[in-house]
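Protein chains: 2
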Amino acid sequence: MAQLTIKDIAKICNVGVSTVSRAINNEPGISDKTKERIMQVVQEFHYIPNNSARNLKMVESNTIALIVTGIDNIFFQSMFGQFEVELRKMGYDFLLHAVSWREDVVTVATELMKEKRLKGMILLGGQMERPEERLDALGIPYVLCTVAHSADYPMPNCPWVGIDDELEGYHTVKYLIRMGHRDIALVAGQEADNAVSAQRLAGYKRALQEAGIPFRPELVAFANPDVTDFSPENGYLGAKKLIASGVKFSAMFCMSDLITVGAYKALDEAGIRVPQDCSVIGFDGIELSKYMCPGLTTMHQPIEEMVKSSVELLMQALDAGEKPKQKIYQATLIERDSVTKREES
Amino acid sequence: MAQLTIKDIAKICNVGVSTVSRAINNEPGISDKTKERIMQVVQEFHYIPNNSARNLKMVESNTIALIVTGIDNIFFQSMFGQFEVELRKMGYDFLLHAVSWREDVVTVATELMKEKRLKGMILLGGQMERPEERLDALGIPYVLCTVAHSADYPMPNCPWVGIDDELEGYHTVKYLIRMGHRDIALVAGQEADNAVSAQRLAGYKRALQEAGIPFRPELVAFANPDVTDFSPENGYLGAKKLIASGVKFSAMFCMSDLITVGAYKALDEAGIRVPQDCSVIGFDGIELSKYMCPGLTTMHQPIEEMVKSSVELLMQALDAGEKPKQKIYQATLIERDSVTKREES
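Same order as they appear, the protein sequences are chains A and B.
Sequential numbering of the first sequence, starting at 98, is according to this note's numbering.
Sequential numbering of the second sequence, starting at 98, is according to this note's numbering.
Here chain A stands alone, though its shape is the one from the complex:
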């Protein structure tokens, strides 16, 4: 939204600039009627009574759009409240806008930017190929938060906050291998997803290869295309399929904590005990993981820090006009009771 100047207000009211100034600053020299008329227009157009400024400007929108790919994902949902708190602290509101996997995020962002008077954007989740040129062209600051990021999709100049999903997938599986496991099942997101799920899968493969363990596709269960990925259902159906196939595994890497919830259920139904018969490791470190039985060993993403960083980087860009930088976080292993050492047999 453009800014009205004090001159525009004066024109709309058919008075001089000094008259508007008098009305705003409650100075004498104008009639009550004129003053009232001016103040009505000033209010209608949301003027800030800014005494220091020579040019009174119209209040701009204070809206930041949070554009989310995967709004049904509890991991992102847990961030909304924090984004709200952090943005409000800075005096901004946020507009929540969901994007489906079938839409192009940058196109959606562009349209939203055109329609709304946005101050900035935070893009949460999903995958974009070289989005910088198009996003930079929008002319408002933006930050990508937990958007898939890897060697395949380098974004060296993109304002970006998150973890390296390939690297953390690698660390997760390396940990299981260190615990003596070689037959490691993987419950992944959708096969068509070339974002987070693909990156963590790449990390899984790298860790196996490094340990000289051949990659076996029969150990990987993808989510059905009609199932919300990273959900308990994703985990339940995935683990069921693996169990039913008869393939042998001593450990299972689930790509999200919610996937482990469903996997626990499928293992329980099959009489497979965690961790005695099968070790299970999750990803995300959401609060729930602590309360699972047994307590879930998982890779914790520093959600709070990532939200804060995203907002901070955006604010820096808004205040200083600088393009935000990147901030890559590391996931931390939380060891609880769902993974056990496998002795060599």
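Calculated directly from the structure, the hints in this document are not laboratory data.
Treat the hints loosely; a few may be bogus.
No copy is singled out in the list; a pair is fine if it fits within one copy or between any two copies.
As the list claims (entries may be wrong) - Below are the DSS-like pairs computed for lysine-lysine, each with C-alpha atoms no more than 27 Å apart in a straight line:
id: 1; residue 1: Lys338; residue 2: Lys302
id: 2; residue 1: Lys213; residue 2: Lys438
id: 3; residue 1: Lys424; residue 2: Lys302
id: 4; residue 1: Lys130; residue 2: Lys211
id: 5; residue 1: Lys213; residue 2: Lys132
id: 6; residue 1: Lys424; residue 2: Lys216
id: 7; residue 1: Lys420; residue 2: Lys405
Note that the coordinates shown come from a computational prediction; the quantities given were computed from them, not determined experimentally.
We have chain A; now place chain B onto it with these hints.
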């Protein structure tokens, strides 16, 4: 936000109204330079090229505010995506605004309404005493969704969608009594919460009284004030406290499914088996409840229908100018494996 008329645009540009009209309608008779200048202003102020309208008006905001009390509550979070989808279908965006328990929701709504160019509001969660007079005064349509509602807080004329928490609390406990239980523990929200938690507690008391079972405060565990209510932590600490107190109970009513997640953990740690040693019933019927071990018996709230209704009622009000009506839903019992019949001893 006020609407600029074609006259205002003409004044800002220092031209006549007909010149603006020509520029907008791409008619001859003005210089390219003037046209360019006008179109720049028109674009800056987001005019709709509305050919049928005599007075071109500024594009109004299409924003609905979703004002949430309890943004950390997974139950509300699961509604955000649906609200987004439903509102977008109708051509609206939504602004998510969190309210803390310490704030007065109506005051927050009033301020937000003044600041933003809102088309309407949906107020989610929380408790309000006779909010109608103040909310009606705002002059924009609103709907209260899953705001606590009971005989103590009648809102006969308030646009309202949700369940009757007192009644459903009563049904839940009546079911446990029907299953032979008399010593029924309750894991509630915070004691200071006079909203949903208080209403379900009132229903718990009514069911006991009706069955001639005295109410015993030692069977009720409230959330610590520093703990997010209706969360796994709420359930874990509440159940721990009940177990540690030595009070005997054969069943436990947890006020949310997430509370049962923590309660399961506390019971598991104490070696108390569900349902053999203690039956557990939840509330909400979130997806997760299906994947718990054992599968959770719970009272399901029709979330999707409630979201759709809220949006529909709001749209009716926006289109027809009618004040939205009330729509009270019933919770449905989902029987799984966490509640068992207690034989008379």
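Results of checking the hints against the structure:
| no. | hint | in the structure |
| --- | --- | --- |
| 1 | Lys338 / Lys302 | within (20 Å within a copy, 46 Å between copies) |
| 2 | Lys213 / Lys438 | neither (55 Å within a copy, 57 Å between copies) |
| 3 | Lys424 / Lys302 | within (25 Å within a copy, 53 Å between copies) |
| 4 | Lys130 / Lys211 | between (38 Å within a copy, 24 Å between copies) |
| 5 | Lys213 / Lys132 | between (31 Å within a copy, 24 Å between copies) |
| 6 | Lys424 / Lys216 | within (21 Å within a copy, 38 Å between copies) |
| 7 | Lys420 / Lys405 | within (17 Å within a copy, 40 Å between copies) |
When held up to the earlier numbered hints, the structure conflicts with hint 2 and nothing else.
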